[in-house]
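Student: Chain by chain, the residues run as shown.
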Amino acid sequence: MYRAYGHSVLRRARQMLVSDDDAAEVLQEIFMGLIARPGQFDGRSSPSTFLYAVTTNACLTRIRDRKNRGRLIDQHVRPWSTEMDRRSPETATVVRSVLAQLSEDEARTAVYYYLDGMSHAEIADLLGCSRRHVGNLLERVVGRLAGEERAS
Amino acid sequence: MSDHPSDLAWDQLLAGERDDAATLRAHAESCSVCGERLHMLKAGHDAFAARPMPAFAARPKRRAWLYAAPVVVAALALVVVGLAKRPEQDDVRIKGTHDAKLQLFAGAPGHLAPVRSGDRVAPGTYLQASYSAETAGFGAVISKDGAGSTNAYVPSTGTLLVPLAAGVEHVFPESTELDDVLGTEHVVIIWCATQREVAPFIEAVRTGAVLAPEGCVASTIDLAKQAVTP
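First to last, the protein sequences are chains A and B.
Residues 1 to 152 in my numbering are what the first sequence spells out, letter by letter.
Residues 1 to 230 in my numbering are what the second sequence spells out, letter by letter.
The shape of chain A in the complex, shown without the other chains (with noise of 0.2 Å):
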């Protein structure tokens, strides 16, 4: 499962993380977890579903982390506009920006739409609610990210 599947968690979590040794520390500790506690994946998604949703969770929880934020927070973040192409490296800076400030819901929706690129149908999948409420979330991200442009 570890050739099969680590890089695309390594791959998703230094595009979250941006460290490269923070996203090798996820990647060791979600397949460590794995072999300490099997029962974790119950078949019930495919693997990379389930890896998906386990590496996001893994990587919103540093991010929250305040050393992290602080990092974040220095970087140079330009203005959110809704014209932003939303798989450009210049939006997945500005939606890092906001990440430890949305609720877990927002922020993983912030994530799989804007970096993974998901439709709602996917994102909706994965967080186990309707795609009206995915469109509602992603109105919330975006509300966000427009109020961080009027703030600077």
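Bear in mind the hints are in silico, worked out from the structure with no lab data behind them.
The C-beta atom is built at its ideal place from N, Cα and C for all residues, glycine as well.
Some hints could be false.
[As the list claims (entries may be wrong)] Which residues of chain B face chain A? A few of them, derived with a C-beta cut under 7 Å, are:
1. 7
2. 11
3. 45
4. 49
[To be verified] Okay, the calculated bits of chain B under chain A, using three or more residues with CB under 8 Å as the criterion:
5. 12 to 26
6. 157 to 168
With chain A's structure known, arrange chain B on it following the hints.
Tutor: For chain B alone, coordinates are given in the frame of chain A:
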């Protein structure tokens, strides 16, 4: 909503989890954006799968120098000694239809000199890469140290290669201060004609795989990082 499948879809495809695999692959062949994305993800996946299995025992060591902000030095503010007289390159030129000359300099800020494989450097030395290219491109500087830890010096943040304007002997946008891990500092400077994700290059340097994407050139410099004897 984007017409392009998500990274989750591509990861599921690579893992053999998709019932619509044929449809996805056909889309990747007809869509240049998705074809490029799938190619990069697969390259990273293959490089990772080729790595030796870790012991899953001790926590990976954290390198304190990674948390120091990288030294971002404006090109004009950095006095690079010896640009007018360039020594022979240690290039390992790989296939590609575009060309760029790549070089590495080392030393103290304001007193950098060109280096080649076999040269000695000390902890605290600054490394600065430069390039000459007739067309604009994208680049990275990746290093694997004596402990085997592989990181991108440039870009210090982000997941994509840094944009590089066309020109002669331009410097990469960041220089890097070497930490105190001794041994061979295996530095790879990369220039590509098109934008790419940096992760596959990091994986290739980490595993020692051949860097061979079309439209890219790479220069490898192995420096001997040694402690300064008093």
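Student: Against this structure, judge whether each hint is valid.
Tutor: Right, here's what the structure says about each hint:
For residue 7/B, the interface hint holds, since its Cβ comes within 7 Å of a Cβ in chain A; the closest pair sits about 5 Å apart. With 7 Å as the threshold, the beta carbon of residue 11/B comes within range of chain A, its nearest partner Cβ sitting at about 4 Å, so the hint holds. Contact between residue 45/B and chain A, as hinted, is supported at the beta carbon level, the nearest pair being about 5 Å apart and thus within 7 Å. Against a cut-off of 7 Å between C-beta atoms, the interface hint on residue 49/B holds, since the closest Cβ of chain A lies about 4 Å away.
With 3 residues having a Cβ less than 8 Å from any Cβ of chain A, the stretch 12 to 26 of chain B passes the three-residue criterion, so the hint holds. Restraint check on the stretch 157 to 168 of chain B versus chain A: 4 residues with Cβ-Cβ distances below 8 Å, three needed, restraint holds.
Violated hints for the displayed structure: none, as all numbered hints are satisfied.
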